[in-house]
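In order, the protein sequences belong to chains A and B.
If you use this note's numbering, the first sequence corresponds to residues 394 to 725, in order.
If you use this note's numbering, the second sequence corresponds to residues 40 to 473, in order.
Hints should not be assumed to be uniformly reliable.
Only pairs whose alpha carbons sit at most 20 Å apart, straight line, appear in this in silico EDC-like list of lysine to aspartate or glutamate [claimed, not checked]:
1) 472(B) to 429(B)
2) 233(B) to 297(B)
3) 478(A) to 399(B)
4) 457(B) to 421(A)
Rather than coming from a laboratory, the hints here were simulated on the basis of the structure.
This structure is a prediction, so every number in the text was calculated from the model and none was measured.
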Amino acid sequence: MEEQVTVFKEAEVPRLSVGVSPHIRAGDSVERIMWTVVVCLIPPLIWSIFLFGIRSLLITLVCVLGCVATEWITQKALKRPITVKDGSAVITGILLAYTIPPGVPIWTPILGCVVAIYIAKQLMGGLGYNIFNPALIGRAFLVATFPVAMTSAWVRPEVYLTQAPQVDAISSATPLYIIKHYGLPALFEKYGSQGKVYLDFLFGSMPGCIGETSALLILIGGLYLLYKGYITWHIPVSMIVTVGVLSWIFGGEGFFSRRSHHRSSHRGSDVGCLLYGHRLCDISQLLHRKDHIWHRCRRLDSLDKAQGRVSGGRVLCDPTHESPDTCPGSVV
Amino acid sequence: MTFYKGGVHPPERKELCEKNSIEVMPLPQEVSIPLSQHFGSPCKPSVKKNDEVKEGDLLGALESGMGAVVHSSVSGKVKAVEECLNPMGAKVLAVNIQVDRDSAPITYQPTEWRNNSPQELLEKVKAAGIVGMGGAGFPAHIKLSPPKEAGVDTLILNGAECEPYLTTDHALMRERSKEILEGAKIILKILGIKRCFIGVEENKPDAIRALREAVDKGKEDNEIQVVVLKTKYPQGSEKQLIYAITQRKVPGFGLPFDVGVVVQNVATTYAIYEAVALGKPLYERVVTITGKGINRTANLLIRVGTKIKDVVDYLGGTREDLRRVVVGGPMMGFAVPTLDIPVTKTTSGILFLTKEEVDESPYKGCIRCGWCLDACPMGIMPNEIGIYVEADRAQETGQFGVFECFECGSCAYVCPAKRPLVQFIRYAKTKAKR
Numbered sequence: 394m395e396e397q398v399t400v401f402k403e404a405e406v407p408r409l410s411v412g413v414s415p416h417i418r419a420g421d422s423v424e425r426i427m428w429t430v431v432v433c434l435i436p437p438l439i440w441s442i443f444l445f446g447i448r449s450l451l452i453t454l455v456c457v458l459g460c461v462a463t464e465w466i467t468q469k470a471l472k473r474p475i476t477v478k479d480g481s482a483v484i485t486g487i488l489l490a491y492t493i494p495p496g497v498p499i500w501t502p503i504l505g506c507v508v509a510i511y512i513a514k515q516l517m518g519g520l521g522y523n524i525f526n527p528a529l530i531g532r533a534f535l536v537a538t539f540p541v542a543m544t545s546a547w548v549r550p551e552v553y554l555t556q557a558p559q560v561d562a563i564s565s566a567t568p569l570y571i572i573k574h575y576g577l578p579a580l581f582e583k584y585g586s587q588g589k590v591y592l593d594f595l596f597g598s599m600p601g602c603i604g605e606t607s608a609l610l611i612l613i614g615g616l617y618l619l620y621k622g623y624i625t626w627h628i629p630v631s632m633i634v635t636v637g638v639l640s641w642i643f644g645g646e647g648f649f650s651r652r653s654h655h656r657s658s659h660r661g662s663d664v665g666c667l668l669y670g671h672r673l674c675d676i677s678q679l680l681h682r683k684d685h686i687w688h689r690c691r692r693l694d695s696l697d698k699a700q701g702r703v704s705g706g707r708v709l710c711d712p713t714h715e716s717p718d719t720c721p722g723s724v725v
Numbered sequence: 040m041t042f043y044k045g046g047v048h049p050p051e052r053k054e055l056c057e058k059n060s061i062e063v064m065p066l067p068q069e070v071s072i073p074l075s076q077h078f079g080s081p082c083k084p085s086v087k088k089n090d091e092v093k094e095g096d097l098l099g100a101l102e103s104g105m106g107a108v109v110h111s112s113v114s115g116k117v118k119a120v121e122e123c124l125n126p127m128g129a130k131v132l133a134v135n136i137q138v139d140r141d142s143a144p145i146t147y148q149p150t151e152w153r154n155n156s157p158q159e160l161l162e163k164v165k166a167a168g169i170v171g172m173g174g175a176g177f178p179a180h181i182k183l184s185p186p187k188e189a190g191v192d193t194l195i196l197n198g199a200e201c202e203p204y205l206t207t208d209h210a211l212m213r214e215r216s217k218e219i220l221e222g223a224k225i226i227l228k229i230l231g232i233k234r235c236f237i238g239v240e241e242n243k244p245d246a247i248r249a250l251r252e253a254v255d256k257g258k259e260d261n262e263i264q265v266v267v268l269k270t271k272y273p274q275g276s277e278k279q280l281i282y283a284i285t286q287r288k289v290p291g292f293g294l295p296f297d298v299g300v301v302v303q304n305v306a307t308t309y310a311i312y313e314a315v316a317l318g319k320p321l322y323e324r325v326v327t328i329t330g331k332g333i334n335r336t337a338n339l340l341i342r343v344g345t346k347i348k349d350v351v352d353y354l355g356g357t358r359e360d361l362r363r364v365v366v367g368g369p370m371m372g373f374a375v376p377t378l379d380i381p382v383t384k385t386t387s388g389i390l391f392l393t394k395e396e397v398d399e400s401p402y403k404g405c406i407r408c409g410w411c412l413d414a415c416p417m418g419i420m421p422n423e424i425g426i427y428v429e430a431d432r433a434q435e436t437g438q439f440g441v442f443e444c445f446e447c448g449s450c451a452y453v454c455p456a457k458r459p460l461v462q463f464i465r466y467a468k469t470k471a472k473r
């Protein structure tokens, strides 16, 4: 031992660290990816505050705090390292909030947070080992627990800058509801024209969940993640294309109108489409990677996301919604 | 030109040293020459304590099996034949020599090699103890005697130097281009073929220019061509390089012979030139000494056996924030625990990395992002191997291609969870069933 110490002294070198190669690492880390996704999810929130009022922000805050707190408590209780700083629980909170109608009572999502983080994430092994997307398990649980609030607490979009709205008073049907019960022409009539429908759907001036209304803002976030290389185009593109192609096969008029033809069975068919979408996406992934099998986990994960959204959302939104989630932590 | 799958773009950091011309390091007081600097069995010492040796004298002879002989890099007196630590962290037998700094330096005169038969040339390569100088240390004479039925038709000189930081081959190609070309002609004669490609990454334009000039001037009845490769790690890996240049795919567990190719590093080619044309054994080499943790960077011509601490002293010591010393490149090199370690024939660089250059953040669980799958040039699944190793199921990792891995480190480099995937894979290789 003594000899070794002299060796260091002679060379006037402080203690040298040793480690396995490679000795240099790329700058991206789990934390950086997660917080980048959080940033990409902020624009829809801001827009939602304008559309549906300050409730959007409050519900999102409740979800984020609920998820972070649940993660902290469970990790403490399970004697695991505390990892709330990595941002993954924050993302789960935001995603959960974004799939909730803005008119629900503010305390409603807390239960969803607990289910999402404790059951769907931590009990599955924590970040990276969850089989289903925690936020959407949380949402599914909320739909089952508060079916009325979760499917009817929609708020008519207004740009609330000056006045605080009486939320309970301004409830409104979602486009999906209109199509299902009154048909596509009724939807066009309500919005003025077909072009207006597409425009409103793009910018998000319509009733819907907190974070889902503006396809444009979601796309911008997705494009940024694409630019950063955190996601690849395969899953979003294959899903959009699949849904489009299947709508066309089943005689639909555009991406979302297919629903009008499926009335009572629309849920099943949607799930069918998305399942197919995932097959397709798997195939494209297989082609891309040649000999790699896309992780089973990721497949189930996105399937779950899709199912979770079918009940309340619009199909047009689903595939694009996918992009922020398909970040490397498609676990969030 | 590049390989077809995977690869990463680490910051090159070559600017720290690439402008430095080759500089001769003065003789140290003492050297410690390991008797195993190659892939194969160690040499048997042919000297004993108190023997007087001259520069270029044989220190270790081949007993049996594969290997390469070892020569004395200095003139002096043998102090001991004892174990020393090599850069890989293993203890090997080494000859310690007290250097006689007053002895006259040996000079070598060029001789005409064109009259020799291929067999005689090969014998000279073997007698000079030449090994692959890119890092693996595979004995050169074995590489140069492929089986007849392999039908070798192409020689590739590897000047890609895709590892960040390293500028050894770069300096050599720039300043010794004629000699490297001569070496290429020697190898072509040994192999009895005419076609040779010299692959260089595009980030070394001055080396490409120098080589092209040498090729133009030294035209003979063979086709030697300089090929510019895309700058991408691991371009210099044998299989990747062969594909980039010839579009031939070496099968999973195959060797370059299987697709009719022999690959030699440019530094090895230079050593072959010296051995055959000058009769000089391999006992010194150019080593890149670089990184932010050393006072002065240099491409040093160093005698084999010189201790890293003597190199540090010569270059004015280390900086205070030195954190890690790596022998080899940052992607595949070995971190050493002490500076009392000798330079060997395979030492292409010594990196003095500071805290900001080394990433020591702790690792986390796999988040299944799949980036390692994209980065892996061999198309294997480092993610699954890592998860299986953690679950103590390493014996099942053969299905993920663990044996095809050549440990380039691309997967671990990109991993956002900073998982030590190379470590997992090395462990898995010891446990998995083929």
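Here's how the hints hold up against the structure:
no. : hint             : verdict
1   : 472(B) to 429(B) : 17 Å, holds
2   : 233(B) to 297(B) : 18 Å, holds
3   : 478(A) to 399(B) : 19 Å, holds
4   : 457(B) to 421(A) : 9 Å, holds
Going down the numbered hints, you'll see the structure goes against none, and every one checks out.
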